[in-house]
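Enquirer: Residue-level listing of the chains:
2 protein chains.
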Amino acid sequence: MKLVWFLPVALLIVTQVALGSNNGNNGLDMAAQRRAANIHRMDTIILLTYVSVMVVIVVTAWAFKHYRLRFIHESGVTLFYGLLIGFVIRYFGLGLLQSQTFDVETKNKTVVKEPPDYLMLEVKPEGGSSVSFHYELIEGFFADKRKKIEQQIEQKSVFSPEVFFNMLIPPIIFNAGYSLKKRHFFRNIGSILAIVFIGTTISCFGTGCLMFVFTSIFQMGYTFKELLFFGALISATDPVTIISVFNDMNVEADLFALIFGESALNDAVAIVLSEVIENFSTSSEAITLHDFGSAIAGFAGVFFGSLMLGFGIGCMNAFLTKMTLISEHPLLESSLFVLISYISFLVAEVCGLTGIVSVLFCGIAQAHYTYNNLSDESQSNTKHFFHMISFIMESFIFCYIGVSVFVTNNQRWSFSFLLFSLISITASRALFVYPLSWLLNIRRRPKIPKRYQHMILFAGLRGAMAFALAGRNTSTENRQTIFATTTAVVIVTVLVNGGLTSWMIEYLQIKHGKDAIEEGQRLENSMSCSRGEQHSDLEETIPVTMAPGLNPWDKAFLPRKWYHFDASFMKPLLTHATPSLEQTLPPFCLPITSLLTSSRQRAYLNTDPLDTIVQSGAASLIDGSGCVEESV
Amino acid sequence: MKLVWFLPVALLIVTQVALGSNNGNNGLDMAAQRRAANIHRMDTIILLTYVSVMVVIVVTAWAFKHYRLRFIHESGVTLFYGLLIGFVIRYFGLGLLQSQTFDVETKNKTVVKEPPDYLMLEVKPEGGSSVSFHYELIEGFFADKRKKIEQQIEQKSVFSPEVFFNMLIPPIIFNAGYSLKKRHFFRNIGSILAIVFIGTTISCFGTGCLMFVFTSIFQMGYTFKELLFFGALISATDPVTIISVFNDMNVEADLFALIFGESALNDAVAIVLSEVIENFSTSSEAITLHDFGSAIAGFAGVFFGSLMLGFGIGCMNAFLTKMTLISEHPLLESSLFVLISYISFLVAEVCGLTGIVSVLFCGIAQAHYTYNNLSDESQSNTKHFFHMISFIMESFIFCYIGVSVFVTNNQRWSFSFLLFSLISITASRALFVYPLSWLLNIRRRPKIPKRYQHMILFAGLRGAMAFALAGRNTSTENRQTIFATTTAVVIVTVLVNGGLTSWMIEYLQIKHGKDAIEEGQRLENSMSCSRGEQHSDLEETIPVTMAPGLNPWDKAFLPRKWYHFDASFMKPLLTHATPSLEQTLPPFCLPITSLLTSSRQRAYLNTDPLDTIVQSGAASLIDGSGCVEESV
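Residue numbers (the UniProt record's numbering), protein chains in the order written: chain A, 1 to 632; chain B, 1 to 632.
Derived by calculation from the structure, the hints in this document are not laboratory data. Predicted, not measured: the structure shown is a model, and the values here were computed from it. For each residue, glycine too, the CB sits at the ideal point set by N, CA and C. You may find that some hints are simply not true.
[As the list claims (entries may be wrong)] Simulated pairs of lysine to aspartate or glutamate, DMTMM-like, Cα-Cα distance not exceeding 25 Å:
| hint | chain 1 | residue 1 | chain 2 | residue 2 |
| --- | --- | --- | --- | --- |
| 1 | B | 107 | A | 248 |
| 2 | B | 181 | B | 162 |
| 3 | A | 113 | B | 248 |
| 4 | B | 514 | A | 105 |
| 5 | B | 514 | B | 248 |
| 6 | A | 124 | B | 122 |
| 7 | B | 65 | A | 377 |
| 8 | B | 65 | A | 328 |
[Claimed, not checked] Okay, the calculated bits of chain B under chain A, using three or more residues with CB under 8 Å as the criterion:
| hint | segment |
| --- | --- |
| 9 | 110–121 |
| 10 | 331–338 |
Construct the entire structure; sequences and hints are all you get.
Expert: Shown next as structure tokens:
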């Protein structure tokens with residue numbers, strides 16, 4: 001009825017328009033509309049391709065888990081799908097869209113020495129006045145310089161390395177920190193740190209030197225700096241594949257902790273090393289001793305600066321969630337948690353530090369302190385959120401690595417360089433695994449057995465971080481070869497080592513499944529007996545003021561000091577854990593400590609401590625270490 | 001010890017390098033490195049700015065909730081923060097980074113009539129061979145054509161409209177569908193659909209015609225098509241602000257359903273309308289009756305095509321989760337859920353349909369079927385995931401709308417156009433609210449009271465969708481004015497109407513808080529009495545094979561038919577609900593139905609039906625409608 005009345009009015013106006021139409025749109029509007037539609041179509045096609053592959057990947061991953069297929073790992077399959085998609089995009093001209101490329105020169109004919117960031121071109125549409133359009137430099141499009149960009153879809157399906165560093169990698173690394181199995185990790189912290197710091201450095205310089213020897217012999221024309229850079233980036237091992245196999249097979253916890261610890265932390269060392277090497281004084285052409293010294297100082301500054309920053313931001317969030325009542329609104333609480341975790345990455349990058357290190361330690365701090373202050377809903381939310389995001393990002397990166405082989409124009413393949421690389425990285429890995437284990441075994445109980453050492457050597461898979469680091473700057477041909485080689489190394493190690501992991505576990509007679517669990521319990525019992533304690537499931541829930549021998553950390557001086565500082569100051573300050581600061585600090589601090597003690601802490605004090613332990617939920621608050629103990 | 005042995009080797013090689021270094025990097029490498037560093041720095045600064053503002057927004061939102069401040073709404077504050085940031089970026093030269101812009105012309109001096117997609121510029125570094133670099137057309141940078149892009153940060157903080165459409169809006173719309181309060185929604189479905197389809201169309205044409213009258217009188221030079229396009233995009237009302245106020249204040253459920261239903265669904269109508277108008281035959285300069293007819297056909301095709309596609313994809317996922325055992329792996333299950341939901345958007349866009357409609361109905365289907373098949377963990381996961389993502393995206397968009405006022409170069413302000421727009425949209429909204437309500441009230445029980453009608457008129461806030469639609473193409477000056485005006489309308493309605501909503505609720509004496517809940521119960525009791533039933537909380541859990549009068553839908557012919565089809569075919573097919581297909585379909589289908597009946601369905605059959613209902617969890621399986629009943 002409404003419409004009946006409305007139609008004539010519309011028609012009236014329509015006819016009026018037909019007569020009085022003015023201001024003809026001048027072609028530019030239509031061109032813009034066509035272009036916008038084109039770009040939108042292309043973007044959605046590419047997104048659809050990637051998302052569809054991701055669906056296939058998830059279904060495949062499920063099928064593999066369901067039918068217990070182990071001859072090849074999911075990330076291997078993901079890589080393979082990526083290769084397939086890349087091949088199709090490249091050779092079947094999928095989504096070939098027409099576009100125009102014009103050769104231009106500067107108006108005043110000056111010779112351009114460096115590519116400017118923007119160009120401005122005057123366009124004169126028919127019957128209109130001239131309009132200027134802006135053009136932006138495309139990054140990473142240096143190879144095939146003479147090739148016109150006709151196949152937009154290829155170019156469009158290439159991600160900027162910025163997307164990798166700012167978007168895809170941070171959640172993966174944060175999740176590594178947030179879901180750390182703290183107990184076994186801290187029991188092996190000394191060995192892990194030795195492998196991470198000394199091992200990664202040896203691997204970096206070893207690979208660099210060996211490659212330099214090879215390339216010098218065959219006169220391939222690489223500078224030592226380039227090869228050292230390659231050594232640094234290729235030293236970043238990847239936890240995804242190996243840890244997922246280990247999880248499925250339930251291998252011995254100590255081996256798990258060693259390999260997970262190494263691969264989670266050495267990304268950070270590799271990224272700092274590669275940045276330091278990139279910033280070597282580029283004026284002189286050689287690396288001097290002075291460079292070397294300042295590099296080590298720079299390394300330490302950047303690494304520990306980032307560590308402190310990330311940890312500090314995590315603590316800040318813990319304090320915020322403790323002192324406010326934001327936990328009444330789980331949605332806001334979870335959002336704040338996610339945003340602040342991301343900020344720890346961004347602040348570090350803006351300050352010239354390393355975001356990856358920062359976000360990793362922010363994750364650890366959040367798991368250690370903030371997690372305990374969160375509402376139940378937010379605890380489960382944030383845990384699953386990061387778990388899922390990290391899984392999706394990982395799968396996407398492996399898929400993309402596969403695609404990039406066929407699609408990117410900034411990879412230059414060199415079989416000999418790849419061959420030398422594979423030899424060098426294996427040799428330099430062996431160069432630190434065996435000597436370091438020998439050194440560590442002098443004091444370590446239980447020792448690192450030979451079969452662990454072989455497994456650590458074998459577990460040197462490369463992944464997202466190496467790929468992203470190599471793809472960041474591909475302006476010279478040597479860098480393009482390095483990028484291609486890194487891609488190939490990732491593919492080879494994920495397919496070969498990843499596929500053979502379960503076979504290797506059997507071959508090296510590493511305990512897994514039921515054996516490993518029994519062995520772990522036997523070992524734990526004997527260890528706690530030798531310490532004069534009874535093993536019990538409550539171990540972690542006993543109030544921290546009790547004997548220091550109970551703590552799961554090493555008994556070295558520094559860890560013990562930190563543990564006490566943590567228990568008597570950090571946890572009471574940042575969480576609702578008891579005892580509160582009012583009890584752990586001397587009485588003259590009372591004016592301050594009473595401000596920093598939450599009502600929940602006071603409530604616990606007024607109840608019988610044993611009751612509190614028995615209450616589920618309260619247990620994890622007191623100790624706060626059993627929190628995000630889920631598999632990665 | 002290891003290091004001691006290693007250092008001499010490194011030094012040896014270092015000296016060797018100092019002597020034998022070759023292949024000097026030719027300046028381009030350094031330029032690329034500098035540029036990469038520059039871009040990275042800029043990107044992180046912008047991201048940090050946005051994420052920091054988001055943190056402030058979350059904290060503000062919490063403070064507002066905590067101290068029950070209602071004079072201004074969070075989204076108003078978010079807009080205000082955005083304006084502030086934009087102002088600072090613009091006028092304080094924050095992050096002014098040096099960049100170069102060169103004026104160029106084509107090599108063969110031809111006059112360019114349309115801007116090409118790419119340019120290629122030859123660069124000749126000192127002492128090196130010349131290299132070509134590619135440049136890409138920057139979208140949405142048409143205003144201030146003579147201004148060189150010195151302030152990269154401004155340009156960089158502008159998002160492509162593609163990001164809005166492909167990334168930010170889909171999760172918000174999906175969440176609207178997924179978290180729909182189905183019971184009240186379906187009780188008012190008839191009125192909602194009338195408002196959405198007839199109302200939005202009237203609003204679109206009404207605004208277009210009124211604006212055409214205004215602009216013709218003042219000779220502002222707009223075509224009817226442009227103004228109709230403006231009418232379409234400005235008809236998309238936004239649920240975020242108003243619904244959050246309604247939730248806080250617990251207003252009457254029917255009013256809530258009407259306003260939420262309108263604002264959630266009319267985005268889809270507005271987007272289809274605007275696309276249809278954009279595709280009016282552009283060859284002739286007038287809109288003919290033929291165009292009008294084909295537009296209506298196109299509208300119906302696109303809308304229902306997208307609806308079916310989205311709903312179908314949702315059902316497919318339900319079937320997949322029912323027939324496989326993927327729920328054993330909640331991580332994979334949740335990931336699959338998220339990816340498939342996103343695919344429903346992408347497939348529709350690639351097929352030339354409307355992704356927003358598709359993703360909305362995919363959300364509804366997923367909530368109705370898939371949700372019941374998910375593991376407990378995935379149920380909570382997906383619910384919270386979309387809730388959080390949608391909250392973050394919404395906040396970001398409001399913040400960005402504020403920033404865009406100062407930062408984008410494609411907004412052209414016209415105060416008179418804005419004034420006319422505000423008059424036109426209010427008038428055309430009144431033009432459908434009151435007549436439509438009068439029409440609906442002829443048959444509707446309970447009637448839509450006057451106070452509801454005033455509130456619906458008042459609740460016409462504009463938001464993300466209008467902004468995104470307007471920003472998609474800003475190639476002409478008229479379009480830039482439309483974009484600026486849309487931005488202003490969003491800001492004005494969110495600040496004024498949003499801020500006054502709670503006052504308006506009091507003024508119109510709309511029941512809220514305890515009153516509304518009591519009123520709701522009283523009404524519900526009287527209604528179920530008049531239907532000859534007893535009101536009970538179990539209403540929704542009674543097996544569907546019982547009397548049709550029990551269903552919460554309207555009793556109109558089509559909804560009743562659909563309800564029965566849903567209960568006897570769709571639910572048994574797609575979920576683990578009982579009765580299974582083996583019972584609802586005739587016996588000769590048994591070979592097929594037994595394939596499609598899950599073991600869980602059979603397990604229910606073998607237990608006593610009454611037991612099943614009492615078991616918690618089973619209840620929601622049987623009916624599947626009380627599932628995602630959380631507040632938005």
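Enquirer: Quick check: which numbered hints come out false for this structure?
Expert: When the structure is compared with the hints, numbers 1, 2, 3 and 4 turn out to be violated.
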